[in-house]
Amino acid sequence: MRKRLTKWRLLSLFTALTLVLAGCGEPFLSTLQPAGEVADMQYDLMVLSTLIMVVVIAVVTVIFIYVVVKFRRRKGEENNIPVQVEGNHKLEIIWTVIPILLLIILTVPVISATFKLGEVDAMADENRNPDEEIVVNVTANLYWWEFEYPDYGVVTSQELIVPTDEKVYFNLASKQNEVKHSFWIPSIGGKMDTNVEGNYATGENLNKMWLKFDSKRADQAGEYFYGKCAELCGPSHALMDFKVKAVSREEFDKWIADMQNTEPSATTDLAQQGEQLFEEKGCISCHAVTPKDERPSAARTAPSLANFGERSKIAGFMDHNEESLKNWLKDPEKYKPGNKMTNTYPKLNDQELDALTEYLMGLKVSNN
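In terms of full-length UniProt numbering, the sequence shown opens at residue 1 and continues consecutively.
Simulated from the structure, these hints should not be mistaken for lab results.
For clarity, every value in this text was computed on a predicted model and none was experimentally measured.
Where a beta carbon is used, it is the ideal one built from N, C-alpha and C, also for glycine.
Incorrect hints may appear among the rest.
Capping the alpha-carbon separation at 20 Å, the derived lysine-lysine pairs in PhoX-like fashion look like this [said to hold, decoys possible]: (1) Lys330 x Lys347; (2) Lys340 x Lys281; (3) Lys167 x Lys254.
What follows is a set of in silico ranges between Cβ atoms, one per label pair, in the way DEER data are often shown [said to hold, decoys possible]: (4) Glu77 x Ser112: 17 to 27 Å; (5) Glu119 x Glu280: 44 to 54 Å; (6) Ala238 x Val108: 55 to 65 Å; (7) Ile93 x Asp44: 53 to 63 Å; (8) Thr15 x Glu250: 44 to 54 Å; (9) Gln351 x Asp44: 50 to 60 Å; (10) Asp40 x Val62: 27 to 37 Å; (11) Lys281 x Leu232: 30 to 40 Å; (12) Ala238 x Gly309: 25 to 35 Å; (13) Phe64 x Thr15: 33 to 43 Å; (14) His320 x Glu280: 18 to 28 Å.
Using the sequences plus the hints, can you model the full thing?
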């Protein structure tokens, strides 16, 4: 008896924990808070399918209870056999037609949404106006994201900047000789795999999709939306985050212009020492410090730091401040296991950390 009570207590505890943990998460890191056209379509399909399942479960439960009560065994009627309905054509037609109708109700909107979400022909249109429909090449790496705006010659990483209220098209690929990742902005839509060795020049092995960011709900979301890798890719899969800033077309155009015209410059003596260290330690061989990185995607092996000083996070998830940056530079493996920066550069002393931090925090485009 005690063992049974213990099992029930454990079951009750785990059930309660499951319900509590199901409510945990970051703001707007949920498909149940849609903030764009694609997310709206996906949310509506989830609601429709859930309603259908709830109705089916409710009807089956009512029938089950009715049968159990009405045809339960009673004293004195042990040998009574209820009327058999085997071979009843009306009943067989009913319970065959109803599931077919439910499938049709679900299938029609699903197929319609699938075709609508697959409309990416505009990406290859030579007459496409980038001021109305932009294309972003997304490259997934271990464990960071690169975003290239081919129409503008701008490359950045970890933070995606997009205009609101217009379609944004995405080419998706993973870095060559790496594993497959998955691009996902839960409150906007997506969750599509990034194939290994996708070729942006030829379009081979690329997945394509589009998203639309609603300006009103973008304001409600706060500073940015959350993006995630949705494909288990290694020990730091859970830390492979990126942020999305949805801004007006005017703000986006200004950001692009600033990125196109910026040149990295150290404004203080300490920052100049950091810039010299950045070159001497070989950081410049992997990291770009200008948005106009003309190297092919395969040659870009580390995140661009062009606007590092203006980002909201360090390494995608750490608070953006000098202390976090120094901790990251001291021991990146401690904070993001399996990252490519581990053991690729010599250890830094406190003076070097101060100088390099000053330089990196000064890499901004708004001051140029």
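Hint-by-hint comparison with the structure:
1. Lys330 x Lys347: Holds, because 7 Å separates the two Cα atoms, which is no more than 20 Å.
2. Lys340 x Lys281: holds, 16 Å
3. Lys167 x Lys254: Holds, at about 19 Å.
4. Glu77 x Ser112: 17 to 27 Å: Between Glu77 and Ser112, where Cβ atoms are some 53 Å apart, the hint is violated.
5. Glu119 x Glu280: 44 to 54 Å: holds, 50 Å
6. Ala238 x Val108: 55 to 65 Å: violated, 37 Å
7. Ile93 x Asp44: 53 to 63 Å: Violated, since Ile93 and Asp44 (Cβ atoms, about 31 Å apart) do not stay within the stated range.
8. Thr15 x Glu250: 44 to 54 Å: holds, 51 Å
9. Gln351 x Asp44: 50 to 60 Å: Taking Cβ atoms as reference, Gln351 and Asp44 lie about 58 Å apart, which means the hint holds.
10. Asp40 x Val62: 27 to 37 Å: holds, 33 Å
11. Lys281 x Leu232: 30 to 40 Å: The hinted range 30 to 40 Å holds for Lys281 and Leu232, with Cβ atoms some 33 Å apart.
12. Ala238 x Gly309: 25 to 35 Å: Since Ala238 and Gly309 have Cβ atoms about 26 Å apart, the given range 25 to 35 Å holds.
13. Phe64 x Thr15: 33 to 43 Å: violated, 23 Å
14. His320 x Glu280: 18 to 28 Å: holds, 25 Å
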